[in-house]
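For the sequence shown, numbering that gives the first Met the number 0 begins at 0 and goes up steadily by one.
In short, the hints are calculated from the structure, not lab data. None of the values given here were measured: they were computed from a predicted structure. Every residue, glycine too, gets a C-beta built ideally from N, C-alpha and C. There could be a bad hint or two in this list.
Label-pair restraints from in silico Cβ distances [unchecked claim]:
| no. | residue 1 | residue 2 | range |
| --- | --- | --- | --- |
| 1 | W129 | C161 | 30 to 36 Å |
| 2 | A54 | F185 | 15 to 21 Å |
| 3 | K61 | D40 | 41 to 47 Å |
| 4 | D133 | Y105 | 46 to 52 Å |
| 5 | C161 | D40 | 38 to 44 Å |
| 6 | K61 | K137 | 40 to 46 Å |
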Amino acid sequence: MRGPRAAAALAVIFLGLGGTAAAQDELSLSIGAGAFVPAGDLNRRVYGSGFVWAAELWLKFKGPFGLVAGLGGLSDAGTAAPLFDGDHEDYPVDLSRRTIPLALFYQLEIGGVSVRAGAGLAIHSFRETWRTEDFDYKGSGVGPRFLLAARVRLPARLSLMCSMAYDAVRAGSDSPNARPVELGGFQICGGLGFRIY
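All chains, full assembly: derive it from the sequences and hints.
Below you can see the structure in the form of structure tokens.
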């Protein structure tokens, strides 16, 4: 848990240092949910697509640049293949992941739609549980994040938002099978935004 706490503190400092009153143009909060599509072949075979949620603070400076930080989660269930030769049993497994993204974005206004493209880092902590076996694996990793988001403003400081992010993170080299697995992939979310100021 030390990694996620340190990342959360870093996000607060990151936004605080970058967001002096003279430089700020807008601060908004977005909350959304959607689907996660794994990039790794093994992850895709075991879990398929999963459910994700995300809450993010968007701090836009005067000009086209801004910073985004937040917290996201992934929940998924799947079936692992037989472990040994001659083993014909399938094993139900659960995967959960928490993600803290920190990124710089560039905003364009296109016909009343705000389009944001950005890149940065994401800190992940994850846990895989085998429901019928005495096996539980926890780990963490850091990898690059690339994002594309669009926002359409509504009355009363609200907006409709959709986003797509790609995370690249490999983990599992310290697991019992000592084989790194690609846990990254594409996250597609839709939801609402609220302009704080």
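Hints and how they fare:
1. W129 to C161: 30 to 36 Å: holds, 35 Å
2. A54 to F185: 15 to 21 Å: holds, 19 Å
3. K61 to D40: 41 to 47 Å: Hint holds: Cβ distance 45 Å, inside 41 to 47 Å.
4. D133 to Y105: 46 to 52 Å: holds, 49 Å
5. C161 to D40: 38 to 44 Å: This hint is violated: roughly 27 Å between Cβ atoms.
6. K61 to K137: 40 to 46 Å: holds, 42 Å
Comparing the model with each numbered hint stated earlier shows that hint 5 is the single one that does not hold.
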